[in-house]
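Asker: Since the structure of chain G is provided, determine the placement of chain R on it from the hints.
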Amino acid sequence: MESVQYHAPQSLEEAVPLLKQARQTPSRILAGGTDLLIQMRAGVKSPEMLIDIKKIPETTGFEIGADEIRLGAAVPSAVMDESPELHQQLPGVVEGMELIGSTQVQGRATPGGNLCNASPAGDGAPAMIASSGQCVVFGPNGVRTIPVEEVCTAPGRTSLADDEFIQEFRFPTPKAGQADAYLRFIPRNEMDIAVVGVAANITVDAGGICTAAKVTLGAVGPTVVIATEVAELLVGTKLDDATLEKAAEIASGLGSPISDKRGTAEFRHRIAGVLTRRVIKIAATRAGERL
Amino acid sequence: MSKAHVTTTINGDVVEYLCEPDQSMLEVLRDNLELTGTKEGCATGDCGACSVSLDGRLVCSCLVLGVEAEGKQIETIEGIADGSELHPIQQKFLENAALQCGICTPGFIVATKALLAKNPDPTEEEARYFLAGNLCRCTGYDKIIRAVLDAAAEMRGAAS
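Just so you know, the protein sequences line up as chains G and R, in that order.
In terms of my numbering, the first sequence opens at residue 111 and continues consecutively.
In terms of my numbering, the second sequence opens at residue 128 and continues consecutively.
Excised from the complex, chain G in its bound form:
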């Protein structure tokens, strides 16, 4: 690969002139690098400038507040997985991230990078969307906040401008009786790319009635599918077997999956239903334990 300029700003302020330069110079944001460095080596991406955001304090660490959870965009998934507090509050979001790659990859891979790589099969995004994540996007004119689902627009494409990056995610802290979960299907035991991934965020009341739900499907279309019809079906029910069967049936009909070496479109439709049924159960069980 051609040589590039490398910059590691120490603050958001220091990043501003670099982001302005990125309007003219083909640039990429470097977080964990587990996708970008491979794409550069393969010649798929040839940036002339890399802006490493890992030294900017806002992109690192996480804080769990009473109303909001802040998660730095460049926190390695291994760090997320090692936090009992994050597992307790956002188990589905952590499950999505800790399924990515090997131990070695998890030492580097980040939620911001996973989202901005914009793979249709990315494991990070479905649960981040199901748990109503917001992205704090930084640019030379300051920050703007957008829902996670507005970042990916097509495979490999995002809505971010050349002079912007995601500094952090914000999630509403789950209330009593609310929890998330993520499940994916892969043909191997470990180290593979999702054939389908499904996330659910479920709220139940003391009587076991579902009062709120959000279900999202990954790898069944160019971007994550938000299964509004499934969520509407669940609310007001006790999430009994008949309801979950119906939810699976609806989920099986969603999206526009492709056929590839990991599975046919027909198989993806079918497995989307199975995973939907299972992941709702897991999220609902967790939600019940949080009452």
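Derived from the structure by calculation, the hints contain no laboratory data.
Just so it is clear, CB atoms sit at the ideal spot from N, CA and C, and this is done for glycine as well.
Warning: the hint list may mix true and false statements.
For lysine-lysine, the following DSS-like pairs were computed, each having C-alpha atoms within a straight-line distance of at most 30 Å [to be verified]:
# : chain 1 : residue 1 : chain 2 : residue 2
1 : R       : K270      : R       : K245
2 : R       : K245      : G       : K165
3 : R       : K199      : G       : K130
4 : R       : K130      : G       : K155
5 : R       : K166      : R       : K270
6 : G       : K165      : G       : K130
7 : R       : K166      : G       : K155
8 : G       : K391      : G       : K285
9 : R       : K245      : G       : K164
Chain G residues, not near chain R, derived (Cβ > 10 Å throughout) [as the list claims (entries may be wrong)]:
#  : residue
10 : E168
11 : S369
12 : T374
Answerer: Okay, now just chain R, sitting in the frame of chain G:
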């Protein structure tokens, strides 16, 4: 294009080097610093042959840029033995014949050290999952896993 000047710590020694901004840490280790114990397998982060510890965290050095090592602590396979005294993990790999061609071995040993630092008493399943990112095309893994569990037992014995 100007080279970047990097100061880092490798196996406890402060090291300075010049590198191209797009050179991987693996290339810097092998080509600039002649630390050729770390191997290149795939160069795409899939095989784990280039595993090193970066600030105490196991990573593929092919997925890290040399410039990113500024101010960091790196441990490579060359830092595992204590002089001519083999580390128990190395000794158990030899005793169990847990290597054939040897290309994956440095990565496995560095990764095993990271595993046992985190979990001194792993089950076979835990060891296999943790090491799933280290590929070996010769042994079929059984001897490697035996060596890992043997080393874990020995290190627990030495610690107690």
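Asker: Compare the structure with each hint and give your call.
Answerer: Okay, the hints, checked on the actual structure:
no.	hint	result
1	R/K270 to R/K245	holds, 22 Å
2	R/K245 to G/K165	holds, 26 Å
3	R/K199 to G/K130	holds, 29 Å
4	R/K130 to G/K155	holds, 21 Å
5	R/K166 to R/K270	holds, 20 Å
6	G/K165 to G/K130	holds, 19 Å
7	R/K166 to G/K155	holds, 25 Å
8	G/K391 to G/K285	holds, 18 Å
9	R/K245 to G/K164	holds, 24 Å
10	E168	holds, 19 Å
11	S369	holds, 24 Å
12	T374	holds, 25 Å
Checked against the numbered hints given earlier, the structure satisfies every one of them.
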